[in-house]
Amino acid sequence: MSDALAGLRVCDLSGQLAGAGATRWMAAFGAEVIRVEDPVRQGQWDIMRGAPPYKDDRRGIERGAAFNNHNVEKLGVTINLRTVAGRELLADLIATSDVVTENFSAGVMERLGFGYDRLRELRSDIIYVSNCGFGHTGPYREFRSWGPIAQAVSGLTHSTGLAGAEPAGWGFSYLDHTGASYMVMAVMMALWHRRRTGEGQWVDLAVVEAGANLHGADLLDWTVNANPTRGPGRPDSNRSRSPLMVPHGVYACGGDDAWVAIACRHDDDWAALVEALGADAERLELDHPDLVTVERRAAFEDDIDRRLGLWCRDRSRWEIEALLREAGVPAAAVATPPERIDGDIATAGRDLWPVVDHPEMGAIRVDGLPVELSATPWSIDYPAPTLGQHNHYVFGTLLGRSDAELDELAAAGVL
Amino acid sequence: MSPDRGAGLPQPAGPGPLTGVRVVELAHPHCAFAGKLLADAGADVILVEPPGGSAQRRHGPFVDRKQVAAAFLGDEELSLAFWADNTSKRSVVVDLASGPDRRFFRRLIAGADVFLEAEEPGALADLGLDHPDLTGRPLSGADQGRTKPGPPPVNEDLIQVSITPLGRVWRHPVAERHRQAAMTDLTVLARGGPLWMCGYDDHGLAPMRGRGDQAIRTACHHAVMAALTALLARDANGGQFVDVSMVAAANVTTEAGTYGWFAARQIPFRQTGRHARAGLTEPTQMRCADGRWLNTGVGLRSGAEFAAVADYIIELGLVDEAGPELMAALDRGAEEDRITTADIDADPELRAVFKAGRRAMGVIAAHLSAHEAFVGLQGRGVGCGVVWSPDEVLDDPHLIDRGFPTEVYQPQLDRTVIYPGPPIRFGATPMAIRSPAPRLGQHSDQVRREVR
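So the sequences go chain by chain: A and B.
The opening residue of the first sequence carries number -11 in this note's numbering; numbering runs sequentially from there.
The opening residue of the second sequence carries number -14 in this note's numbering; numbering runs sequentially from there.
Bear in mind the hints are in silico, worked out from the structure with no lab data behind them.
Just so it is clear, CB atoms sit at the ideal spot from N, CA and C, and this is done for glycine as well.
It cannot be assumed that every hint is accurate.
If you want the footprint, here are the derived chain A segments under chain B, 3+ residues with CB under 8 Å [unchecked claim]:
#, segment
1, 30 to 44
2, 142 to 149
3, 160 to 169
4, 239 to 252
With these hints in hand, go ahead and build the complete structure from the sequences.
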């Protein structure tokens, strides 16, 4: 087990990917993350609990592979917060925690009786991080959000695709992963401040704001130069204007749905590309002296893309990647999941896919972390908790409830 | 919509959560955003630039020159890419090719908590400025440490955060030729998985990159998270080397693209405006009356949502438009407490009801502007999102109400400019743009006076 965050206890009411993905980081670095689930709905407030994909096509509340992936290394308890006794248990747990995390819609925690003021009563220096699509203030504060919704409202969907076409958007919840990253930053920055000053705080994370902070120069091009991001030639996101790179695209290769990405960062890359293409560059007139500077290439970008496309069309993407990498030009096959997971030393060489042994699913791989810390490495050995798996440890050992009390609570539908 | 504010946070002014943390950032476009996040959070981020300035200063788009008030400003002060990613930092020019400046850099590092860089493997070692040289510690447990003799270490508690395309530290032996490759945002997204997932139903069209250097930003997020983790671990563990692989970061942020393969050997394929899946799914983006799009999220999942959409269709006078079959399906959905993902997967009837719910949202969307449909549906408890273009986000009433668009005085223009605001709202210690991106060497004298 990692000891980077040893001694840190997180009362984790969060779920889905945007919340669970955050506390997963802390758990992999040794924090004690106690995930609280609702026994009445079998934890299915989290849409991934028991949901597909399934291993071996075997369904069940403990068999959701996404849930397992997002909740490794955590402890799991069940508390029915509709009951007075359940709310008392949660209060006890919060009083002994450093951090409370949740990603309900705004207002839910207050309705449960656990708004920030109450949390502070329970523990004066508590760090409370709420994470929702739109945050806890403003006209949309009660709106519901999922990754794709937050991506749409923050501009990230529109900025991905061809000019003049329907937005292609992101083919996965990029902003759930990213919202989780900002939630980690929020917790850790607040912890750093508390360590220095003793002061806790509430952090109101609105994923739409995290998303809207990812556009780089595009927003300033609007606010400074009045160049809108909607309009002719925009977004055309496979091209690069910041910085200007030509060629910069994704080209069809030999094979079914086979593609290669090629980017010339500067004129030296272009020269190397032309040299690597050899006689083909000459045949396709890509060796034309007019094309040696990026400004000139930008004027002929469609034509260059067409000619480079002709060269790629009959070659394998792996052959192209190898040839251009050898020449020092950024080029990469568009990799499928098995190709990047099972066939790439860049991931396997880092043990990026740890295996956990799940009581119902058996051995199954999960995402690792893309960072190596030389003194305090992450570790992922344990699968997601089953419903209420750690009730005895958390309520008994940590909170001091007796077995008899726990039996009573279970019989009363509190656990 | 109601203009009143909920029980919310005050917007504090004052020091950020990382006040007192000193970061030395060696300018590189791949780590600039990580430095900005730390700087906006209150860390003292000293951007070390070569005499010609960071490469990012030569990245467009540039300020339209007609606007530039101060004629003395050189080209290196007009990059909007640089402005965006370098707020709240100080700039010091250091020529690492010169011996005295290398000595100055080592003194600078002596007082730093974090050293952030994105240099190619080997580049810092050639200068005698890599982690082992600065700290006396190896890059990893398996590493031999310093490779050549040099001056003694200056800061053994230093946290060095390195961002490279493939990473520098390997848990298994990897041949030299696989350890390094020239890569850009685009090629990282290609090799790391996201590109395979994004694009259009028409597979004659190429997979699509998400605009805005997201592979670089994802790596920067992990760099910041790891730096903070290492800072919190420092009392017990001392300094350390933090290695971020851009390709690995892309790999572990592709959601079902990865766990679908682990669990069920599913290979998803790209579908317009929605999640890649191993099977074809229904469209989720609905075209609205103003030509904009509405994202319908996870669709209708509860009886209350089905009932709300049915009522909204009636209220808008769209019952005929929807047709009896669709209205009947909405009534059927309203009978369910909840429809889970597992239900949709297993039960054909509920699957049909679920699909009808999505179509009904499309009926509403087609008769309203995207923003009207968004506010109307959300106001009735139905999740969905207007597809804004990035510039439109700054005009969104919610974000304006929250004070997200931020005015920053921009000396090059002698006026204020709107920037996107803080991504995280701390109740006590704000993240905020504290100053515009520095001019090249703006703080050279100041920093050199501080570091003796």
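Inset, instruction - Of all the hints given earlier, name the ones this structure violates by number, lowest first. - result: none
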